[in-house]
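Chains as they are written, first to last, in this note's numbering: chain P, 4 to 216; chain Z, 5 to 405; chain U, 50 to 272.
Source of the hints: derived by calculation from the structure; they are not laboratory data.
Fair warning: there could be bad hints in the mix.
Think about it this way: if two alpha-carbon atoms lie no more than 16 Å apart in a straight line, the pair counts; the simulated EDC-like pairs of lysine to aspartate or glutamate are [to be verified]:
no., chain 1, residue 1, chain 2, residue 2
1, P, 129, Z, 180
2, U, 130, Z, 356
3, Z, 314, Z, 204
4, P, 11, Z, 221
Label pairs and their computed distance ranges (CB to CB) [what the hints assert, rightly or not]:
no., chain 1, residue 1, chain 2, residue 2, range
5, Z, 62, U, 79, 37 to 47 Å
6, P, 35, U, 130, 55 to 65 Å
7, P, 169, Z, 269, 44 to 54 Å
8, P, 6, Z, 62, 34 to 44 Å
9, U, 86, Z, 87, 19 to 29 Å
10, U, 130, Z, 159, 53 to 63 Å
11, P, 30, U, 86, 57 to 67 Å
12, Z, 334, U, 134, 20 to 30 Å
Short derived list, chain P residues pointing at chain Z, Cβ under 7 Å [claimed, not checked]:
no., residue
13, 8
14, 9
15, 12
16, 15
17, 16
18, 31
19, 43
20, 45
21, 46
22, 47
23, 76
24, 113
25, 119
Since the structure is predicted, the reported quantities are computational estimates derived from the model, not experimental observations.
All C-beta atoms, glycine included, are put in the ideal place defined by N, C-alpha and C.
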Amino acid sequence: MLGEGIVKGLIETARNFVGSYVDKDRLVTVQYPEERNPLPEAARNFPFLLYDGDDPEAGLRCVSCHICEKECPPRCIHIEKSTDKKPDFVGKQQFYPKVFNIDVSVCMSCQICVEVCPFDAIRMDKEFELSTDDRFGGLLWTKKELAKPNEYYQKIHPMEAAETDARRAEELKQTQAKAAAAAAAAAAKAAEAAKAAEAAKAGNGAAGKEPSA
Amino acid sequence: MSGKSMMEESAIGLDEQMGATYGAGRHTLKPDAEHESQILEVAIGPQHPSTHGVFRMDVQLDGERVVRLKPVFGYLHRNHEKIAENAAYLAAIPYTDRLDYLCSMTNNWGYVLAVEKLVGIAVPERTEYIRVIMAELTRFQNHSALVGFLLQDMGASGTPLMYAFREREKILDLFEAVSGARMMCNYLRFGGVRVDCTPEWLEETRQLVGRLPRFVDEFERLLRGNEILMARTQGVGVLPRELAVSAGVTGPMLRASGVNYDIRKVDRYGIYDRFKFRVPLGEHGDVYDRYMMRVLEMRESIAILEQALKEIPDGPVQDPKTKVRGLRPKVGEAYGRIESPKGELGFYLISDGTMNPYRYRVRPPCLINLTILEDMCLGLSVADVVVTLGSVDIVMGEVDR
Amino acid sequence: MSSPSIDPVGVDVSAEAIRAALVKGVPGCEATVVENGSPSAQHSLLLDHEHAVEAATFLRDHAEFRLDFCSNVTGVDWPDKEVTEKVKVTKVVDGPDGPKEQQVEETRKTLIPGYLETVYHLFSMEKKHGPVILRLRTANRGEGNHLPSLTPVWRSAEFQEREAFDLFGIVFDGHPDLRRILMWEDFTDHPMRKDYVPPEEDEPVMDDGCAPGSSAEQGAAGQ
Ligand code: SF4
Ligand code: SF4
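Pulled out of the complex, with its shape left as it was, chain P reads as follows (with noise of 0.2 Å):
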């Protein structure tokens, strides 16, 4: 019969019409901004520069290596050495950017720059609602915008941060191990030293000569 493939159809948006009163899976759509779907956690947007500690300035962990400037497809971060060094985390003297932009209205969200950093510094933000009016410079991030405190990003990718923190804390006790160990052995061998040189004002003492002070 003409026309029985269409009724046969509209059966089935019927169907759905009343099923989606009842049937999560029917309905999804869902009321932004009132409503929102929670991010998964690997959700990435732009990245961000992560500081330990208070100071974005003092605990910026970026050392201006310069690997991620290069990397970047689009080519939208830039970076300026400083010229003198502040300790980083394990107390190792490092170079940190002067200045670091990056411009988001290039940057494709590629996420390249966080999986080349070896000094995990930079990492990808979930936050996505970011319009502006201006066109040129509201969307050129520098230093001073990018930088988030460590609990930030423990706070939007808590999975990742925790791995990421265990690492640095495994760095940092070998690193302080490595040092209390160099530190003993300088004391065994500054110790050495001056048994030594007890013996020898010993030795010289027998030998009658006394050494001038």
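Chain P is already provided as a structure; the job is to place chains Z and U with the ligands on it using the hints.
Just chains Z and U with the ligands, lined up with the frame of chain P:
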């Protein structure tokens, strides 16, 4: 101007030159001899809702019938190939996402496969399974979106498209959970994938794949046997088998014309030889066959997904010794190709031993499938041209590159 | 990594086998195997201009090869190259005690003229084998940028040869509809050539706007 003289001008003397390759009847439609008719030139697009992006067709009409049709491209041209030639091998991956932006996972795979051939990188077992799962999910969501758009082009505004997008959305959520982005996944790496999928993700995928057959059934009940759909699609935009082969048409469109050629079966790239699946074939090569091909391929994708999700082994996803950053392949070249949802997606790379590819070429399935658009559309009415174009399945990001 | 160049039935479609068949089947055809050093081992065949169309038709209709599917057509630009090499030459030098032979090292500069190249990747839909790779090279990058078109043999080359014409400036003789495809009609240059210089932009662009002193920086300062 009388219709006749105009036609004589436009029917450029190609027939004599081209002969067999073009098939008979090209540019030979003459205006109705009995009635004095006028040729009307219409530009469909670039801003036309039915052209699937910024794409223009310069059409000459005799009454309602198309007598000449010239596709015009380039509105979205950004010289993707040059960009990739100036970037490192790794940096080209996120750009491939933006080719066919509905199927970033398969685009990644095509490129990564070509580089793996160029350098000779082995891929771990688990990664192969993950790649198949991603590719088949991509195929499913692409086909479901396409069927929705096709029906939208036919005037079924809303319902089928929304149903299709509802399912697509769930697959995109899965992509986001593992790769971080819904469409621009940037997930595959040379010899691996960027991050492993968690067991929870796999479980979620299994559940979703379990629900997908119900969706396809529902979709078919909605449309199968619909008299309007049949009247609009059957016998429209017929692509004969010989022309399809000669014009290098690939993908579901080729198989709708009855040619059994699926690169998953022919090249057996990845681990496709381990899965049991069938290659659906059409008979008539019309829009209806192309539509059915997509529906049937969705079912085969589900079959592959079920097998892959059952068999996926544990293990590493990337050999730590594989160099991803700062790759410097030896001097040479390689052509790698995969069966993307649109057809054969090939990447041709020439290395001169430096950090950047010397030549990077994408073989875009959408562009080449459009070669025969004119041949399919001659003699049709404008409304049927829109449907025929819809059944080709084009994405302008890939056509224009 | 499975790219079987030998199909299950056992037709050998390696570059060497194709060359042998071509030399036998197309009289006068000059085909040279171009080696490929990468692990992919996809060697190709360089054809001469006069016999290219004939050879292509031969490969398409050959009962065993049946290369009916021309998958990929693309241009490659190889600009002029200057090669410096050091050579030892024996020269007669006037010494204090008469002319004497002496070994002298000389640097010689040779200019290897550039050319444009098209690469065709052929497969067989019927026999399901491939790829067979054909190459054609132009005489030079200037006036001699003509190549025979293979569109009359494989229709799939139509748009791809147009693209090579547009982006590389290779003129295909015998192409039915050789127009620009991706760039606009009035555009004069060929952007995929290695020596292409893009024209200056008149509008401020965001690209690289993150450098200090750029329009972006000034915009930020003006806030
Ligand atoms: S963010 Fe990381 S990669 Fe980039 S300069 Fe800083 S330390 Fe180097
Ligand atoms: S996310 Fe990608 S595009 Fe954006 S700054 Fe990082 S590397 Fe550059």
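For each hint, the structure was consulted:
1. P:129 with Z:180: It holds: about 12 Å lies between the C-alpha atoms, which stays within 16 Å.
2. U:130 with Z:356: Status holds; Cα separation ~14 Å.
3. Z:314 with Z:204: holds (14 Å)
4. P:11 with Z:221: holds (13 Å)
5. Z:62 with U:79: 37 to 47 Å: holds (42 Å)
6. P:35 with U:130: 55 to 65 Å: holds (58 Å)
7. P:169 with Z:269: 44 to 54 Å: holds (46 Å)
8. P:6 with Z:62: 34 to 44 Å: Since residue 6 of chain P and residue 62 of chain Z have Cβ atoms about 39 Å apart, the given range 34 to 44 Å holds.
9. U:86 with Z:87: 19 to 29 Å: holds (26 Å)
10. U:130 with Z:159: 53 to 63 Å: holds (59 Å)
11. P:30 with U:86: 57 to 67 Å: This hint holds: roughly 58 Å between Cβ atoms.
12. Z:334 with U:134: 20 to 30 Å: At roughly 22 Å between Cβ atoms, residue 134 of chain U and residue 334 of chain Z fall inside 20 to 30 Å, so the hint holds.
13. 8: holds (3 Å)
14. 9: Since the shortest Cβ distance to chain Z is 6 Å, the answer is holds.
15. 12: With a minimum Cβ separation of about 5 Å from chain Z (threshold 7 Å), the hint on residue 12 of chain P holds.
16. 15: holds (4 Å)
17. 16: Holds, because the Cβ-Cβ distance from residue 16 of chain P to chain Z comes to roughly 6 Å (cut-off 7 Å).
18. 31: Because about 5 Å separates residue 31 of chain P from the closest Cβ in chain Z, which is inside the 7 Å limit, the hint holds.
19. 43: With Cβ-Cβ at 4 Å, under 7 Å, it holds.
20. 45: Interface hint status for residue 45 of chain P: holds (4 Å vs cutoff 7 Å).
21. 46: It holds, given that the least Cβ distance between residue 46 of chain P and chain Z is near 6 Å, below 7 Å.
22. 47: holds (4 Å)
23. 76: holds (4 Å)
24. 113: holds (4 Å)
25. 119: At 6 Å from the nearest chain Z Cβ, residue 119 of chain P passes the 7 Å test, so the hint holds.
Of the numbered hints listed earlier, not one is contradicted by the structure.
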